[in-house]
Structures are given as structure tokens and as C-alpha cells.
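*Asks:* Read top to bottom, the protein sequences are chains R and C.
Residue numbering for the first sequence follows the numbering used here, starting at 1 and increasing by one per position.
Residue numbering for the second sequence follows the numbering used here, starting at 1 and increasing by one per position.
Simulated from the structure, these hints should not be mistaken for laboratory data.
Using N, Cα and C, we set each Cβ at its ideal position, and we do this for glycine too.
Just to be clear, a hint being listed does not mean it is correct.
Quick list of in silico lysine-lysine cross-link-like pairs, DSSO-like style, CA-CA up to 27 angstroms [stated by the list, open to error]: (1) R:K74 <-> R:K196; (2) C:K210 <-> C:K260; (3) C:K3 <-> C:K149; (4) C:K107 <-> C:K3; (5) R:K111 <-> C:K63; (6) R:K88 <-> C:K63; (7) C:K51 <-> C:K74; (8) C:K109 <-> C:K149; (9) C:K149 <-> R:K196; (10) C:K51 <-> R:K228; (11) C:K107 <-> C:K210; (12) R:K61 <-> R:K74; (13) R:K111 <-> R:K88; (14) R:K212 <-> R:K243; (15) C:K107 <-> R:K196; (16) R:K116 <-> C:K107; (17) C:K63 <-> R:K196; (18) C:K63 <-> C:K3; (19) R:K88 <-> C:K149; (20) R:K196 <-> C:K3; (21) R:K60 <-> R:K196; (22) C:K3 <-> R:K228.
Short, incomplete list of chain C residues facing chain R, as computed with Cβ under 8 angstroms [stated by the list, open to error]: (23) G9; (24) I10; (25) N14; (26) I17; (27) G20; (28) N21; (29) R24; (30) L26; (31) V28; (32) M56; (33) V58; (34) S59.
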Amino acid sequence: MDRPYSLVPGQIPGEMWTRMTYEEIGKEIIELLGLKGSPVAVKLARTPADVPAGYAKMIKKERHCQFVQDARLKGMTGYATQAEHLCKGGAAVMGFEPSPDLVADGTTYQKLGNFKTVEGAVETVHAIPKLDEPYYASVYAPLDKAEFEPDVVVFVVTPRQALRLSQAYLHVSGGRISSDYSGIQSLCADAVVAVKQRGVPNMTLGCNGSRKYSGIAEDEVILGFPPKDLGAMVEALRTFRQKWG
Amino acid sequence: MVKTVKALGIRAPNAGILAGNVLRNLEVPGEEVRFIVSPGAEAGMDAVARKYGYLMEVSRLEKDLEIRMIPSGKTMEEIDVTGETCPGPVIIVGERLSGLAIGERLKVKSASPDTLADVSAAVTASGSRITGQGTEGDRHIITIEKAEKKVNAGGPAVPVDRDQVLVSQSNGIGNAERAYATFIFSKVALSMGKKVTIFLLMDGVGIARKGNAAGVKHPAFAPLDQLMDEVMKAGATIYACELSASFRGIGQADLVPGVKLAGAATYIQLLSDPANAIVNF
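Working from the sequences, and respecting the hints, build out all of it.
*Replies:* Right under this line is the structure:
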């Protein structure tokens, strides 16, 4: 079976696109940007059959943001079902279980101090990107080791690296990037669900949970990208290196 | 296919920037896209639609707005079921819907609003939703959006308050005791604050034929037509099965005022509603 790939514009004379595997993309992006760790391939599996062969269930119960960081910094691969997800808010937006009542009605986030009123909390919770269909598990791997087609590739990077990724995304067609977040349910809803649903990137700043538990540094931000764009982004980053050093 | 993108809480002009990025990065170029946004976010999105060759339609959901970006030149499928009798319209519409992708829409026309009510019951039960209704010339219309039926996958059963009673009557005036029981039970249920629906089928439709109920009189009770009138005035809905009526040569004009013809889909929907306690006479 071919390894999963993305397309890079115009590498071979006479051909518009060239295949580039995620292994190649992952390794080259790490080198081009000087990333700490790896971009993380995330797939949401609707059924047990959708979990890639050879991927084991996570041994330790953690939060989605922790699984992302483990894949990024420790090279961990595997999948987590509802039972392995400790953060119920994250599990709910990714379709593993219904949203807890106290989250859905605004009580939790108002009590935690995020919002002055319950109404403000409800307004925000209502707007958080969430999958309507039930899902079975989330699958994680460093991008260069991913043996599956990811739904989203998550980057935990410095603002300068985020700048380069944003510029790389716009390199072919131009335009602007619109990012939205609310300071809650960040790596799950903002960096994965929103990107999977929309097919365009999103940047987010983390949430109290991800900053506290997953070791995202003070000077790091999070971006999610559709995998199909990564090949062209690598090509753009090569150009930037040539022009800007 | 229709892609659905939820972009709630994002204000203008950022919602428009996001919409533009979505439209030009579609995996299937030219795909119809349905954006769910917060009120106010739609400002400027019409310009985005034009820029990328789309037409924009805005409709209000319960709290949010639905912005539909339809590729220019694409028209909604239509079907006219006028003249078809139950269960024909439901089957015809169901077959047409089965050929549509999730999110695509179908306009259904009929000279009979009752037929469309029956079709609405069927498509709602199958998980799709009615996005519009009205008239076009001499036809009543509904617009259906195909959706996936939601299932409660492994979750706990949701407790239901059974505050409705469905009285199913299939014997007609040939069995006076059962005919009386239909309306006496309904009166009791109404007095208990229950919502009551009476569905007359097979010989039961004869009860609603003008003049028939007036001929049924037991010495201990009020005439049957009087009871039926009281029950309707107290808020009960009475349906007569369209197929059973047609079988017996009964049309809408032959029925007691207030009794509506309804198709099999309406009956099945009533039977499937967990809020209904069902009584058969």
C-alpha cells in the first residue's frame, strides 16, 4: 500500500503535482522551521474498523491535548476511545460522548470563572465547534510516522513558526486567514474539529486545561491544518528559506 | 453533496473571510456549502458568494442563521404529487430523497395540504427536516432537506413524559360499544390534561362520515355525534385514514367538519411517538 501523501505543485517538469509522503513532509517541515518535536497527525475514527491497523489503544488515560503533546514530543502513536479521554469537554466535541449537562448549560465554565454570567458561558459553549455524529476514537501519530490519512495535522509552535506556517498556507493563492477561538476546548475543538469540518486552518491559544496539563509552553501557540495543504506549504517554506534565509 | 460548516460566534467580517477560504479550498470544487452562523455574521457574505460564483440564501434556524451557498446555475429538484393517493406520495418522495445526498433539498408540490402534512410526518420521522412551506399558484409546497437520522448510540434511554393519548378506532358504528368507548375514553383523557389524537381507520372511518354518528344512540349516553363534537371542541384531533376512506368511497367533503384525512405516514409517526399512550378500539 502507498504511504499517505500530499501533493506538491510543479516539482517535475510537465507535471502539475508531485506526491510527497507525510513522512517526507513531516521531516522536512521539522527541518525547515526548526520545530521542537513533530507536527501531529490526528484522525477521528467513526468505528473500530476505522482505526488504522497496528495502532494500539493508549495505556494511560489522558486528555486529548496530552495525547497530542505525547505524539509531538515523545513520538507516541496510538488511539484513545471515550474511556481513555479524561477531559469530558474534549471528548464531547469530538463526538465520543454527549456533552456533560453542567458544561452544556454553562454552569461549569461560569463556576470556573471563565464567564461572568451563565448566559455568556452558554453562548460560548453553543458556538464551540463540535461534531454532531458519534465517533469511536481519536488516533495520534507524529506526522512523519503516520500510517494513516489524518483528518488534521496539529502544530504546537512559537509565534514566529506560526507566522511562517500562515505565510506558507497563503503562498499559492493569497488571501487572509481567519482564526477563531474562545479560550476553552482549544486543541480539541479549535485545532481539530473546526479544521476537520471547515477544511481550512485555524489557530488557537490553548485553554486552561491544555496549558496546565499538557506542557504547552508559554511561548507556544497551536495551529491545525488540513493535510491536503501541507505539500504546497513545504514548497512555500523552501522558497522562504531561499529568499529570507 | 452539501458540506456543512458551523461557524458560530464568529462576527463579520471574519465570518466572510472564513467562508471565502472554505469555498476556495473545497475538496469537491463547486460543492454546495451550508454555513451555520450567528445572526449578524451574514453581513458581507453575499459579496463572498458572488466572488466565488455562488448564490446565497439565508434562512433562520431556531437561534442561528443558515447561509446556503449554492453554485450559480444549480436548481433544487422538484416533484409534484398531486393526484397521488396514500401511501403513494410518501413512497414517491422517499424514493426521490434516497437519491439525494445529505444536505440536498427537494421541493414537493401538491394540491392537497393534507398530503403534504403526511409527507412531512414521514420525512421528519426519517431524520430529514422541513425547511420551508407555502404556496405556489394553486399548489401547496414544502421544502425538504435530507439529513442523517440521529441515533442514540449506546447512550441511556431518554425518559419520556407520556402525556399524549392516541386512540385508534377500526370497528366503526357496527360496534356501538367500541364507537362510544373511543370518545368517552378521549373525554376522560382530555379532562386529565392529555393531548388526544383519534385515528379512524378501516371501518372506523365510517364514524366520521356525515350523518352516521347521529344514528348511534344508547339510552344511557348522549348521541355519538354529540360526543364526537364535544371531544373535538375540547381539543382532540381526529384523523381519518385516507386509504380506508378512499376504499369506502369517502372523500374529504363527506366527512364531519373538523375531521382531517391523513395518510399512513401520519399514523406510523403517531404510533412511533414514545409520548403517546395507545388505546385500540
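*Asks:* The structure should be examined with respect to each hint, and the outcome stated for every one.
*Replies:* Checked hints:
Simply put, R:K74 and R:K196 have alpha-carbon atoms about 24 angstroms apart, close enough for the 27 angstroms limit, and the pair holds. Annotation: proposed proximity of C:K210 to C:K260 holds, straight-line Cα distance about 13 angstroms (limit 27 angstroms). Between C:K3 and C:K149 the alpha-carbon distance is near 17 angstroms, which keeps this suggested pair within the 27 angstroms criterion. Proposed proximity of C:K107 and C:K3 is supported: the alpha carbons are some 19 angstroms apart, at most 27 angstroms.
For the suggested pair R:K111 and C:K63, the alpha carbons sit about 25 angstroms apart, so the restraint of at most 27 angstroms is met. Distance hint between R:K88 and C:K63 is fulfilled; the C-alpha atoms sit about 25 angstroms from each other, no more than 27 angstroms. With a C-alpha separation of about 16 angstroms, the suggested pairing of C:K51 with C:K74 holds against the 27 angstroms cut-off. Proximity of C:K109 to C:K149 is assessed by CA-CA distance (about 24 angstroms); at most 27 angstroms being required, the pair is judged to hold.
Proposed proximity of C:K149 and R:K196 is supported: the alpha carbons are some 21 angstroms apart, at most 27 angstroms. The straight-line distance between the Cα atoms of C:K51 and R:K228 is roughly 23 angstroms, inside the 27 angstroms bound, and the hint therefore holds. About 35 angstroms separates the Cα atoms of C:K107 and C:K210, which puts this hinted pair outside 27 angstroms; it is violated. A hinted pair counts as satisfied when its Cα atoms are at most 27 angstroms apart, and R:K61 with R:K74 qualifies at roughly 16 angstroms.
For the hint linking R:K111 to R:K88, the alpha-carbon distance of about 16 angstroms falls within 27 angstroms, and the restraint holds. A distance of roughly 38 angstroms separates the Cα atoms of R:K212 and R:K243; the hinted pair therefore is violated under the 27 angstroms criterion. Under the criterion of a C-alpha separation no larger than 27 angstroms, the hint pairing C:K107 with R:K196 is inconsistent with the structure, at around 31 angstroms. About 45 angstroms separates the Cα atoms of R:K116 and C:K107, which puts this hinted pair outside 27 angstroms; it is violated.
The hinted pair formed by C:K63 and R:K196 meets the criterion: a straight-line CA distance of about 24 angstroms does not exceed 27 angstroms. Between C:K63 and C:K3, the direct Cα distance comes to roughly 20 angstroms. Compliance with the 27 angstroms bound is thereby established for this hinted pair. Restraint check: the Cα-Cα separation between R:K88 and C:K149 comes to about 25 angstroms, which is no more than 27 angstroms; the hinted pair holds. In summary, the hint linking R:K196 to C:K3 is supported, as the alpha carbons are separated by about 12 angstroms, within the 27 angstroms threshold.
A threshold of 27 angstroms between alpha carbons decides the hint, and for R:K60 with R:K196 the separation of about 26 angstroms falls inside it, so the pair holds. With a CA separation close to 17 angstroms, the supplied pair C:K3 and R:K228 stays within the 27 angstroms bound. Interface restraint check for C:G9: the shortest CB-CB distance to chain R comes to about 3 angstroms, inside 8 angstroms, so the restraint holds. The criterion of a C-beta within 8 angstroms of any C-beta in chain R is met by C:I10, whose closest approach is roughly 5 angstroms, and the hint holds.
The closest approach between the C-beta of C:N14 and any C-beta of chain R is roughly 5 angstroms, which is under the 8 angstroms cut-off, so the hint is satisfied. A cut of 8 angstroms between beta carbons decides the hint on C:I17: the least distance to chain R is about 4 angstroms, and the hint holds. About 7 angstroms separates the beta-carbon of C:G20 from the nearest beta-carbon of chain R, less than 8 angstroms, and the hint is met. With 8 angstroms as the threshold, the beta carbon of C:N21 comes within range of chain R, its nearest partner Cβ sitting at about 4 angstroms, so the hint holds.
Interface restraint check: C:R24 against chain R, minimum CB-CB distance 7 angstroms, threshold 8 angstroms, status holds. Interface hint at C:L26: satisfied, since its Cβ lies 7 angstroms from the closest Cβ of chain R, which is below the 8 angstroms cut-off. With a least beta-carbon distance of about 10 angstroms to chain R, the hint placing C:V28 at the interface is violated under the 8 angstroms criterion. With its C-beta approaching chain R no nearer than about 18 angstroms, C:M56 sits outside the 8 angstroms limit, and its interface hint is violated.
A hinted interface residue such as C:V58 counts as satisfied when its beta carbon comes closer than 8 angstroms to some beta carbon of chain R; here the least separation is about 18 angstroms, so the hint is violated. A least Cβ separation of about 18 angstroms between C:S59 and chain R goes past the 8 angstroms threshold, and the interface hint is therefore violated.
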